[in-house]
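In the order they appear, the protein sequences are chains A and B. Every letter in the first sequence is one number past the one before it in my numbering, and letter 43, counting from 1, is 43. If you count the second sequence from 1, you need to add 145 to reach my numbering.
Simulated from the structure, these hints should not be mistaken for lab results. Check before you lean on any hint, since a few could be wrong.
[Claimed, not checked] Here are the simulated EDC-like cross-link-like pairs (lysine to aspartate or glutamate), alpha carbons at most 20 Å apart as the crow flies: (1) Lys-438/B to Glu-109/A; (2) Lys-38/A to Glu-182/B; (3) Lys-6/A to Asp-338/B; (4) Lys-120/A to Asp-290/B; (5) Lys-441/B to Asp-114/A; (6) Lys-53/A to Asp-79/A.
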Amino acid sequence: MINYFKEIILGLRTLAIGMRITFVRMFHHRVTLDYPHKTVTMTPRFRGHVILKVADAKPKCIVCMACQRACPSGCIKLDGEKREGAARKSLTSYTLNFTTCSLCGLCVESCAFDALEFSKKYNLTSMHKEDYQAIDLLQQAGGGK
Amino acid sequence: MSTDAQAIHHESFIVNLGPQHPATHGVLRIKLTMDGEYILDAEPIIGYGHRMHEKMGENRAYAKFLPNTGRMDYVAALFNGHGYVCAVERLAGLTVPERAEYIRVITCELNRVASHLLWLGAFLVDLGGFTPLLYCFDDREKILDLLESVTGARLTFCYFRFGGVCNDIDDTFVNGTRDFVKLLRSRMPLYHDFVSTNIIFRKRCEGIGLLSADTCRRYGATGPVLRGSGVAYDVRKQEPYSIYPKLDFKIPVYPECDCMARYRVRVDEIVESLRIIEQALDQLPAGPVMAPKVPKILKPAKGDCYFNVESARGSFGIRIVSDGSENAYRLKLRSPCFSNMSLFQEASRGMLLADALALLGSLDLVIPDMDR
Numbered sequence: 001m002i003n004y005f006k007e008i009i010l011g012l013r014t015l016a017i018g019m020r021i022t023f024v025r026m027f028h029h030r031v032t033l034d035y036p037h038k039t040v041t042m043t044p045r046f047r048g049h050v051i052l053k054v055a056d057a058k059p060k061c062i063v064c065m066a067c068q069r070a071c072p073s074g075c076i077k078l079d080g081e082k083r084e085g086a087a088r089k090s091l092t093s094y095t096l097n098f099t100t101c102s103l104c105g106l107c108v109e110s111c112a113f114d115a116l117e118f119s120k121k122y123n124l125t126s127m128h129k130e131d132y133q134a135i136d137l138l139q140q141a142g143g144g145k
Numbered sequence: 146m147s148t149d150a151q152a153i154h155h156e157s158f159i160v161n162l163g164p165q166h167p168a169t170h171g172v173l174r175i176k177l178t179m180d181g182e183y184i185l186d187a188e189p190i191i192g193y194g195h196r197m198h199e200k201m202g203e204n205r206a207y208a209k210f211l212p213n214t215g216r217m218d219y220v221a222a223l224f225n226g227h228g229y230v231c232a233v234e235r236l237a238g239l240t241v242p243e244r245a246e247y248i249r250v251i252t253c254e255l256n257r258v259a260s261h262l263l264w265l266g267a268f269l270v271d272l273g274g275f276t277p278l279l280y281c282f283d284d285r286e287k288i289l290d291l292l293e294s295v296t297g298a299r300l301t302f303c304y305f306r307f308g309g310v311c312n313d314i315d316d317t318f319v320n321g322t323r324d325f326v327k328l329l330r331s332r333m334p335l336y337h338d339f340v341s342t343n344i345i346f347r348k349r350c351e352g353i354g355l356l357s358a359d360t361c362r363r364y365g366a367t368g369p370v371l372r373g374s375g376v377a378y379d380v381r382k383q384e385p386y387s388i389y390p391k392l393d394f395k396i397p398v399y400p401e402c403d404c405m406a407r408y409r410v411r412v413d414e415i416v417e418s419l420r421i422i423e424q425a426l427d428q429l430p431a432g433p434v435m436a437p438k439v440p441k442i443l444k445p446a447k448g449d450c451y452f453n454v455e456s457a458r459g460s461f462g463i464r465i466v467s468d469g470s471e472n473a474y475r476l477k478l479r480s481p482c483f484s485n486m487s488l489f490q491e492a493s494r495g496m497l498l499a500d501a502l503a504l505l506g507s508l509d510l511v512i513p514d515m516d517r
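Let's have the full structure, built from the sequences with the hints guiding it.
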């Protein structure tokens, strides 16, 4: 019988402790953001999907195929051609299948020419799967002309 | 009692817990044979999340398997990566710079704290208390922010490489981690007041879900489940790897064998992990974070090796057999969750359904890790 009342008192005490913690917390600063009105800035190392780096209005890519070989999911396809008067190959197409990309970043690491970087976009959405099956990165980078 | 009444009394029925149920934390299905509120048999049916990780490891070059490691136990993804890179490094005879070893341990221990905080919140939700989850997530977010600033991802880190780590840590990370350690340490009394002393929590956990050390041994359970049954087994102490021998930390052990013991082990482990992080930050040497001259396409010599790391859920082992080519001949993953879950069928027999859910929660299962 004594234990019964002891338990009730203990229960009320722990309830009061819990309520006190919650009450005190009401006056603390907020930890959440009003998304989508406010968004967080991505850290410099954030790994979004890859994008082509551009120098002098041309992609820095020299079509060495290292990224295509490094990709575990085989989601990078690129092609290039040797243009007259140019010392290096020029990119003619660079497509990324974002539906199979696992955002591991091995392609960026494999690039010895600093031609790839991570996009900071993280809220990509679409109603159509096709939109992300072949993202034309060359077009995004300005066509490479 | 008439024969009809006896027949009704002994009538059992089957309940499917899962494959999509909040208490199973993923696609785990448990076929429960019930007698009223009591469990006669609980048969776990797994494999809904099977993605052939082992086979994928055998079909691709060593480096290409790195992203997979973050997708098994995604709550504590760094440990899988740690086990994998250590196994390959041992096989290929690579030496890791000391700074990289320290960084690995710091990030892994942060990941352990994040994993335990997530478990704590989810376990309490299983038991019917929602509020502490928000506090746990608040703290866990800070860890994820820190890890994101270094690794570039919040969950599937893919941070470790053969011979080191892919990014160095900077002063911002070091100072941020130090601040976080202080902050979380000051928050531990809050968790204690909020959870440990709560009468409902204690009633749901004390003396519930007893797992003897012998049961754990027979099923190969490791980690906090085993340490909550009074066995001081921790890979970091038993088979020391990386820089753990240089650090001073304790292995929390509770002999009560119940859900409360497993809770106490994990909470104590958070405190110990904070100590490890602090010591590692103090001792952090300068230098490179990648070994020089690591071949781009790794072809380890013929042979096989097994490497064990202490993940947040127990002993995560990885065995690699190399035939000298650029792909592994055989890759075997020993997941702690699979062994920890296996004992559920035996341990839950005769338990009340609500108590069995407390036991299931206290095992800290991550289903994709179990299914692989």
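Now the hints, each set against the structure:
no., hint, in the structure
1, Lys-438/B to Glu-109/A, "holds (15 Å)"
2, Lys-38/A to Glu-182/B, "violated (48 Å)"
3, Lys-6/A to Asp-338/B, "holds (18 Å)"
4, Lys-120/A to Asp-290/B, "holds (15 Å)"
5, Lys-441/B to Asp-114/A, "holds (17 Å)"
6, Lys-53/A to Asp-79/A, "holds (16 Å)"
Comparing the model with each numbered hint stated earlier shows that hint 2 is the single one that does not hold.
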